[in-house]
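Build out the structure end to end from the sequences listed, making use of the hints.
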Amino acid sequence: MLILAGCGGKSGTPKGVEKVYYPGWWRTQDSPDYVFTYGVGEKVSQNSSFDAAKANAMLEAAQYVESYVQGMVKNYEEEAGVNNPQVLAVVTKVVKDVAKAKFTNTLVNQQETLIVDTDAGKRYKTFVRVSIPKDSINKNMLNKIKNEEALYNQFKASQAFDDLEKTMEKYDE
Numbered sequence: 069m070l071i072l073a074g075c076g077g078k079s080g081t082p083k084g085v086e087k088v089y090y091p092g093w094w095r096t097q098d099s100p101d102y103v104f105t106y107g108v109g110e111k112v113s114q115n116s117s118f119d120a121a122k123a124n125a126m127l128e129a130a131q132y133v134e135s136y137v138q139g140m141v142k143n144y145e146e147e148a149g150v151n152n153p154q155v156l157a158v159v160t161k162v163v164k165d166v167a168k169a170k171f172t173n174t175l176v177n178q179q180e181t182l183i184v185d186t187d188a189g190k191r192y193k194t195f196v197r198v199s200i201p202k203d204s205i206n207k208n209m210l211n212k213i214k215n216e217e218a219l220y221n222q223f224k225a226s227q228a229f230d231d232l233e234k235t236m237e238k239y240d241e
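For the sequence shown, the working numbering assigns the number 241 to the last residue and increments by one with no breaks.
Worth flagging that the hints you see were computed from the coordinates, not collected in a lab.
Certain hints may be false.
Just the calculated beta-carbon pair ranges, DEER-fashion [unchecked claim]: (1) Val88 / Asn215: 40 to 48 Å; (2) Lys83 / Ser116: 14 to 22 Å; (3) Glu128 / Pro100: 15 to 23 Å; (4) Glu86 / Gln179: 21 to 29 Å; (5) Lys214 / Tyr90: 36 to 44 Å; (6) Thr186 / Lys214: 49 to 57 Å; (7) Pro82 / Lys214: 53 to 61 Å; (8) Ser116 / Asn177: 14 to 22 Å.
No more than 30 Å apart at the CA atoms, straight line, and that leaves these computed lysine-lysine pairs for DSSO-like [stated by the list, open to error]: (9) Lys87 / Lys122; (10) Lys111 / Lys83; (11) Lys87 / Lys190; (12) Lys212 / Lys202.
Just so you know, even glycine gets a beta-carbon here, dropped at the ideal spot from N, CA and C.
Laid out in structure tokens, this is it:
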């Protein structure tokens, strides 16, 4: 005798759950020479939605750079055993300055705009991908460090600084 048992009921998506749309290129990092950041904006006009999406992507870039710079500085601090409050204050200033910086050669290299119906009427929803050359980020950081003499004198003797300069030489070739 064969007995089959199973749970009856509906299968599929639970009630009230919808998938949110993103373009196929969203969150891809497909070049080692660039940092790609992403933004989305939804506004009444198409231009405003593009501007909002790009602003959000640039904000993400600043946040990425801040964590990138902090990581390099943390490596330096661990290597050098730095506990000098003056040097640490300068490090904090450099991190903030680099994160606020305007990047050269940035480009919106992917964009998609949708017209969406909302309770308030039709709106434009724009997705963008901004590419930032890594050498732009590194050069900016290197220049800020060199401009802060106290930090530069401490940092230039470290392996982290040598690594940064070697990375910069690769981009200059």
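Verification of the supplied hints:
no. : hint                        : in the structure
1   : Val88 / Asn215: 40 to 48 Å  : 43 Å, holds
2   : Lys83 / Ser116: 14 to 22 Å  : 35 Å, violated
3   : Glu128 / Pro100: 15 to 23 Å : 19 Å, holds
4   : Glu86 / Gln179: 21 to 29 Å  : 24 Å, holds
5   : Lys214 / Tyr90: 36 to 44 Å  : 40 Å, holds
6   : Thr186 / Lys214: 49 to 57 Å : 50 Å, holds
7   : Pro82 / Lys214: 53 to 61 Å  : 56 Å, holds
8   : Ser116 / Asn177: 14 to 22 Å : 21 Å, holds
9   : Lys87 / Lys122              : 24 Å, holds
10  : Lys111 / Lys83              : 29 Å, holds
11  : Lys87 / Lys190              : 20 Å, holds
12  : Lys212 / Lys202             : 16 Å, holds
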